[in-house]
Amino acid sequence: MEKELKVAALRNGTVIDHIPSDKVFKVFAILNLEKCTNQITIGNNLESKRMQSKGIIKVSERFLEEAETNKIALIAPNAKINIIKDYEVTEKRPLTLPKEMREIVQCPNPSCITNHQPVATVFSVQNGDNTISLKCRYCEKELKPEDVKLK
Amino acid sequence: MSNKSLVSITDYDRDDILSILSSAAEFEKNPNRKILDGKVVATLFFEPSTRTRLSFETAVIRLGGSIIGFSDAATSSSAKGETLHDTIQMVGSYADAIVMRHYLEGAARYASEVSPVPVVNAGDGANQHPSQTLLDLYSILKTQKKLERLNICLVGDLKYGRTVHSLIMAMSHFDPTFKFIAPEELKMPDEYKVFCRKNNIPFTESDELAGNFDDADILYMTRVQKERFRDLMEYERVKNVYTLRNDMLSESKPNLRILHPLPRVTEINPDVDANEKAYYFQQAQNGLYVRQAIMNRLINK
Chain A
650 MEKELKVAAL RNGTVIDHIP SDKVFKVFAI LNLEKCTNQI TIGNNLESKR
700 MQSKGIIKVS ERFLEEAETN KIALIAPNAK INIIKDYEVT EKRPLTLPKE
750 MREIVQCPNP SCITNHQPVA TVFSVQNGDN TISLKCRYCE KELKPEDVKL
800 K
Chain B
-1 MSNKSLVSIT DYDRDDILSI LSSAAEFEKN PNRKILDGKV VATLFFEPST
49 RTRLSFETAV IRLGGSIIGF SDAATSSSAK GETLHDTIQM VGSYADAIVM
99 RHYLEGAARY ASEVSPVPVV NAGDGANQHP SQTLLDLYSI LKTQKKLERL
149 NICLVGDLKY GRTVHSLIMA MSHFDPTFKF IAPEELKMPD EYKVFCRKNN
199 IPFTESDELA GNFDDADILY MTRVQKERFR DLMEYERVKN VYTLRNDMLS
249 ESKPNLRILH PLPRVTEINP DVDANEKAYY FQQAQNGLYV RQAIMNRLIN
299 K
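If you're matching them up, the sequences are chains A and B in order. Heads up, my numbering is the position in the first sequence plus 649, with the first residue counted as 1. Mapping the second sequence onto my numbering, position 59 (from 1) lands on 57, and the numbers just tick up by one.
In isolation and in its complexed conformation, chain B is listed as follows:
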């Protein structure tokens, strides 16, 4: 196993996270550097994710590296029944690093154990997506000028949303205060509340969005997915309760920034987009610099 692999956000300690973020800031100043010249990166997407794949591939190409891989399992050898083990062995003998998205949870950890080259997890089912978490942190740092002692409000699907779970883990190094706003069906699971208590992280819970984030520095919105609901009437009710509109921001702090892992559907009204507090599109762009920092660390350090 290559111990440089990035599978889960918990693979990185506080120093690792800070070093990625400061490196990302350097790449933001100058994203076109030939430091991966002559290197080959494989992007293996066993499940399609155009946004994530293009972001990683752009990161590598802007650093002078080349890309091999596939964007869909149907066009790969796994469609013929090849095991993940064999695919990784084969690709690992061609490439200097592997970026992998897989529909099975734990696929990335397993790949990192059998791969001769470092593996970056670009999402394994509902489990982990660490580059998303790092770009969330980068966006928080960039907009707040610090990571310590921030008031972070997490909204929407807190039960199944892997991004919010990883964000709690990553922010636990920086003395945050959390507010969890979710409908009953999608409340924050107990294991993360236990984690917060163990790490002395204060949190409150609510099922009301309006007027409930006026003390927040970060409002992290997530998509409430229809398929999570057994009762569709309940979904219709909840969907509108958790829609952020521009008029709800009038009492919020001036430094508040709104983040969303995208794609959004109805949870942020388009009238918010013009507000300077809307940061979700820049957030996605930050992903490029963070992924450049990750690839540089994996291949060059």
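In isolation and in its complexed conformation, chain A is listed as follows:
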């Protein structure tokens, strides 16, 4: 119990909660947290009232920018972002998909130039009627968010 409390308490930083369990490490990757040297706590397969099983990522002493957290909207649109300052939640941030995603998604088209030459991938996010699709700036192929592979 005491240990759990220590994990839960974050003085300053960003909490990403309600991540589907199978997406925790994708979220970790999309935020490029491998390279982050701050204290990071990852919890996974935790019980949740809202969902069957959830994951949580807490990054200490770092306030993620909106441009960073919005990338999560693609793979975990129902995740909750809380910015913590001095143990208090100072901001509950809604997730909105960015208009463009650069160097995040890999193009699934094997004939696309981005898979053969050192070219950064750029996808535009297109909102249709209740559907979201991503369009490769280069080969112009569209893909659905569930088919996304990260770079």
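Please keep in mind that the hints were generated in silico from the structure rather than gathered at the bench. Just so it is clear, CB atoms sit at the ideal spot from N, CA and C, and this is done for glycine as well. Take these hints with a grain of salt, some might be off.
[Stated by the list, open to error] So the derived list for chain A, only partly shown, Cβ under 8 Å to chain B, looks like this:
#, residue
1, Q755
2, N758
3, S760
4, C761
5, T763
6, Q766
7, V768
8, R786
9, Y787
10, C788
11, E789
12, E791
Please arrange chain B on chain A, whose structure you already have, making use of the hints.
Positioned in the frame of chain A, the structure of chain B alone reads:
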């Protein structure tokens, strides 16, 4: 990036398209004009395409420009492993414009971003080939005297055929009605049907060619390629169903014209060639004037 580049037909709006077509009509009246005098155009063909390359090169030479380039990646520096970025940088410092065909999709968009001079996409894999689309439009305009409210029948490989996809995009400015005639395996992909619905473009679908285009103004034939079929028996069946013969044209409208991006194989019987409705060879010739209009716009405007 040079914003004059022509990579995809969607780079041009309705006015851009009409301005290219009227300029092409001027070049048709007089194709030999020295308006590219002293200019150098690079034709970089990372994948061979003799028809397209000769058409672009003739367009430039008839306008008084000069050509540098290569017709095959094996003879270029890319065979030594040079990146497209570096090739384009180097060529862009020599030439006033670049015409490029590449086997990778998106290569032309990328080249247009890193090139100091305008880039014309002469085909990037299965993706885009905008000068083909513009010459299709020019042929339609020339034979029908208008682009608005035409009945256009697209036949053959509607799944992989980039020319038909680009034609739908380009014609969407002119209130067309489409009929898509294709075997089950090669049906029009959903994304283009969604595009038509969004733009209020009526279309019907069928898998029968005979007797199905009597109300059409344009019959746009494409090649049904053997390698697209998993079942070769199916290919043999389909191949003959989608062959246009002269006797099938007896009930068609007098203004009907038959287009084909060429090369054709079996999908148009040679007995159609003598019919005045056959327009595919003139269509190819129109490519010259359209490419003159494109090069003039890129370099001189």
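Hints, one by one, checked against the model:
1. Q755: Result: violated, 13 Å to nearest chain B Cβ.
2. N758: 6 Å, holds
3. S760: 5 Å, holds
4. C761: 5 Å, holds
5. T763: Since chain B brings a Cβ to about 7 Å from A:T763, closer than 8 Å, the hint holds.
6. Q766: A:Q766 check passes; min Cβ-Cβ to chain B is 6 Å, inside 8 Å.
7. V768: 5 Å, holds
8. R786: 6 Å, holds
9. Y787: Interface hint status for A:Y787: holds (3 Å vs cutoff 8 Å).
10. C788: 4 Å, holds
11. E789: 6 Å, holds
12. E791: Holds, because the Cβ-Cβ distance from A:E791 to chain B comes to roughly 6 Å (cut-off 8 Å).
Of the numbered hints listed earlier, the single one contradicted by the structure is hint 1.
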